[in-house]
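Keeping their order, the protein sequence lines are chains A and B. Heads up: the first sequence at position 8 corresponds to 8 in my numbering, and the numbers run straight through without jumps. Heads up: the second sequence at position 104 corresponds to 104 in my numbering, and the numbers run straight through without jumps.
Don't read these hints as lab results, they were simulated from the structure. Beta carbons are placed, not taken as given, at the ideal position from N, Cα and C, and that holds for glycine. Check each hint, because a few of them may be wrong.
[To be verified] Partial chain B-side listing against chain A, Cβ under 10 Å, derived: (1) S75; (2) A77; (3) M81; (4) S82; (5) T86; (6) A160; (7) P161; (8) F174; (9) F205; (10) L206; (11) R208; (12) A209; (13) P248; (14) D250; (15) P252.
[What the hints assert, rightly or not] Heads up, simulated DSS-like pairs for lysine-lysine below, C-alpha to C-alpha not over 25 Å straight-line: (16) A:K280 to B:K176; (17) B:K235 to A:K142; (18) B:K207 to A:K139; (19) B:K172 to A:K344; (20) A:K277 to B:K7; (21) B:K84 to A:K75; (22) A:K139 to B:K10.
Below are the chains, spelled out letter by letter.
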Amino acid sequence: MLSKVSDWSLLTNPAANDDYVQKKIDTVKDIVSIITDGSHDKSVAPLVSFVLSDIEAESANSKDIFKQILSLMQKHQPSTPSTLTISSPEIKLVSALSLGEVILKEEHGRPTHFSHIASTLFCSAIGFADLTHEHYYIKIVKEILDLANEKLNKISCIDRESKPNPIFNIEKINQNDAPPEIANKFKAELMSVVAYIKGIDIKLKHSQEELEVLWWLYNSFSEVQQKYLKDLRVFSSAICCGCEIGSKVGVSAPLKIRHLVSQAASKDRRATSLSQKTLKEVIGSWDKSTWDMLKQNDQNLKNLIQEHPPLFPLSWICQRLIESHGTADISSEFSVNVGGDMGKKFTPDIIAVQTYNEMMALKVWNNYV
Amino acid sequence: MSSGNVKKYKCRNPDCTVAETGRCLESHTDPGACPNCIICTDDDQDQDAIISSPVAGVAEKPARRFFSGFEIGLSEACELMSLKYTKLIGVIGASGVGKTCFLSSLYLMMSNGELCPDYFFAGSMTLPGFEDRARRVRKWSDGLLPGKLADHTSLQDNRAPAFLHLAIYCNKEFNKRHEFLFSDLPGEWTSDLIERNEKAGRFDFLKRADGLIYVLDGQALSDIELQNLEIHRAKLLLDRLANAVYVPKDIPFVVVISKYDLLKNCEPNSIHDIVSYANRLGFNPSVSLVSAFSSVPDVIKSGTGIEDVLERLMKFKNFETKKIVQRMHDFCRAYGRYLE
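Full structure from sequences and hints, please.
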């Protein structure tokens with residue numbers, strides 16, 4: 001992403017010179033090193049939030065990260081005003097560059113866990129992000145989205161790649177050799193055999209996951225609601241698709257699962273029932289069993305959703321509905337905590353993919369942090 | 001007593017005159033107490049080296065500036081853009097086509113509430129600049145507008161662009177506030193760009209533009225003797241914008257045909273040639289007929305077309321959720337084969 005500093009700096013400085021660009025690069029390097037030094041695992045979420053949301057940081061962690069970003073900006077560029085807020089393009093620019101750099105981070109040819117967390121959180125947050133007018137900023141967001149998808153795809157492919165079969169090497173060992181020589185040759189191949197068996201185990205797990213997803217899609221039957229999808233209300237069915245498929249696949253699921261989720265949400269439905277509805281209407285069509293599907297029991301995940309509503313908008317809505325027993329004024333709380341308005345329209349497939357993305361982001365987070 | 005023992009004050013800050021006046025720029029009663037002050041005698045050998053060392057505590061901090069309010073330079077524009085997303089709109093066109101008249105008309109209509117209820121005036125950091133540009137329009141003689149409506153635009157620094165700031169509340173978007181920076185450049189800049197490719201550097205700021213307004217003289221485009229030259233120059237300019245300035249091609253691009261009141265209510269045919277050429281270059285221009293200050297207000301009202309241009313500039317491509325999902329699906333399909 002550092003190669004993009006010059007391009008992206010145009011957002012706030014149409015006449016960015018080499019000195020300006022170099023200082024921006026230094027700032028971004030420092031921010032990335034703070035985030036990925038191991039002691040700040042939880043700082044990736046605020047960073048995603050700064051990029052995609054205008055909501056002021058509420059949690060202590062977010063405020064702390066914001067202060068650190070601002071102080072690093074002022075260290076490298078003392079003319080940076082202290083009046084910057086998280087909705088200021090300058091903060092968004094630096095956060096976007098740092099996030100891109102975190103997503104790009106790799107070790108031994110494999111994206112790091114920071115990259116994995118950042119990519120899934122970004123895909124989860126972008127679904128409801130209010131990005132309608134800031135033309136130039138949208139270009140930046142699009143580039144990060146492509147990068148995040150590419151990294152998720154790479155993680156998925158690495159987990160599924162075939163490893164060379166060591167059995168052929170073992171077969172080549174001449175049985176007429178002296179036993180110590182045979183033992184030495186076999187010992188040399190032993191670690192490859194162990195790695196190969198582990199690989200088979202992982203592959204079996206992935207195959208099993210994908211088989212379960214395919215059976216679920218074939219049956220079109222919600223195991224949680226104990227009803228066929230076509231018998232559920234269209235937007236409840238969308239939540240079912242996202243949640244149940246999300247719970248069946250592992251953290252390195254192939255990207256095409258999203259496409260299957262989207263298809264499942266529209267299967268066996270009339271075109272009229274698939275029309276766009278406002279978020280207010282969508283939430284109105286849910287019952288308690290739908291809220292429960294997005295409910296998280298783990299306290300860490302609950303805190304994460306509470307601290308960063310823009311990253312998990314649907315999960316946050318359900319959490320609020322459950323906490324308030326359905327009495328919360330979601331419309332006003334949504335604009336304050338998530339941003340945007342509830343008048344925005346969505347189709348069932350979008351809600352399904354959004355639910356799936358949120359599930360995956362929470363899963364990945366729980367897996368690493 | 002030797003002259004070598006006489007104390008002299010010198011300062012690392014080049015703006016400080018303590019050496020000549022004995023007064024510290026930072027108002028220290030004893031200049032020696034200032035961290036930038038160097039007390040030296042005539043015997044000191046390394047005075048120059050000491051003086052050339054960096055000034056304490058002021059590295060990179062901008063000097064105190066006095067903002068005239070007539071126009072905004074690039075540095076002020078950067079300050080504004082770093083605090084709030086600001087839509088930078090490039091206004092280009094040859095001398096005398098009506099760029100300044102267009103901006104004056106927009107300002108007058110906006111401040112007079114003539115674009116209500118859709119748009120409301122939300123302030124401007126360059127009110128004196130707008131007022132100065134609209135000054136001539138306020139001078140009427142015998143009920144007629146003056147022959148020349150705006151002074152020729154000249155810049156304080158002729159190498160850097162200047163901008164006029166206008167903030168607008170948009171009623172259609174729940175009174176969302178939009179900040180606009182309109183470039184106000186002398187017509188010679190455009191003429192120079194048409195004639196010489198090397199002048200493209202001056203327009204670098206357009207790489208960041210959120211919209212572009214190209215003002216063409218409607219009268220010249222309708223004149224049989226002048227229209228071919230106008231078309232040729234317009235095509236050259238479009239070429240330069242696409243291939244030398246590298247203006248983004250997905251931004252709203254409005255071709256303004258000025259002086260509509262003098263066109264006898266008909267659009268010049270030659271504009272289609274220019275628009276199709278722009279399309280070939282990858283732009284997606286729309287045409288607006290504008291009469292900033294009409295000479296026949298009974299037939300064509302002053303300010304005709306201004307709101308239309310504003311509407312077109314506000315139509316930034318939306319990045320809706322549906323498109324995000326589509327983008328994700330496209331990506332899945334593209335990589336699906338690789339996965340299998």
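Evaluation of the provided hints:
A cut of 10 Å between beta carbons decides the hint on B:S75: the least distance to chain A is about 8 Å, and the hint holds. Contact between B:A77 and chain A, as hinted, is supported at the beta carbon level, the nearest pair being about 7 Å apart and thus within 10 Å. Because the beta carbon of B:M81 sits about 5 Å from the nearest beta carbon in chain A, less than 10 Å, this interface hint is met. Taken as an interface hint, B:S82 checks out: its beta carbon lies about 4 Å from the nearest beta carbon of chain A, inside 10 Å.
Against a cut-off of 10 Å between C-beta atoms, the interface hint on B:T86 holds, since the closest Cβ of chain A lies about 8 Å away. The interface hint given for B:A160 holds, since its Cβ lies 8 Å from the closest Cβ of chain A, which is under the 10 Å cut-off. Nearest Cβ of chain A to the Cβ of B:P161: about 9 Å, under the 10 Å cut. The hint holds. With 10 Å as the threshold, the beta carbon of B:F174 comes within range of chain A, its nearest partner Cβ sitting at about 7 Å, so the hint holds.
Given hint, B:F205 at the interface with chain A, holds; its Cβ is 4 Å from that chain's nearest Cβ, closer than 10 Å. Evaluation of the B:L206 hint against chain A yields a held restraint, the C-beta minimum of about 8 Å falling below 10 Å. Because the smallest distance between the Cβ of B:R208 and any Cβ of chain A comes to about 4 Å, under 10 Å, the interface hint for this residue holds. About 8 Å separates the beta-carbon of B:A209 from the nearest beta-carbon of chain A, less than 10 Å, and the hint is met.
A hinted interface residue such as B:P248 counts as satisfied when its beta carbon comes closer than 10 Å to some beta carbon of chain A; here the least separation is about 8 Å, so the hint holds. Hint status for B:D250 relative to chain A: holds, with the closest Cβ pair at about 8 Å, below 10 Å. For B:P252, the interface hint holds, the least distance from its beta-carbon to any beta-carbon of chain A being 9 Å, beneath 10 Å. For a cut-off of 25 Å, the pair hint linking A:K280 to B:K176 stands: about 21 Å separates their Cα positions.
Taking the CA atoms of B:K235 and A:K142, the gap is about 32 Å. The hint is violated against a cut of 25 Å. With a C-alpha separation of about 13 Å, the suggested pair B:K207 and A:K139 falls inside the 25 Å cut-off, and the hint holds. Between B:K172 and A:K344, the direct Cα distance comes to roughly 14 Å. Compliance with the 25 Å bound is thereby established for this hinted pair. Annotation: proposed proximity of A:K277 to B:K7 is violated, straight-line Cα distance about 82 Å (limit 25 Å).
Between B:K84 and A:K75, the direct Cα distance comes to roughly 22 Å. Compliance with the 25 Å bound is thereby established for this hinted pair. Our distance criterion of 25 Å between C-alpha atoms is broken by A:K139 and B:K10, whose separation comes to about 51 Å.
Hint compliance for this structure: hints 17, 20 and 22 are not met, and every other hint is.
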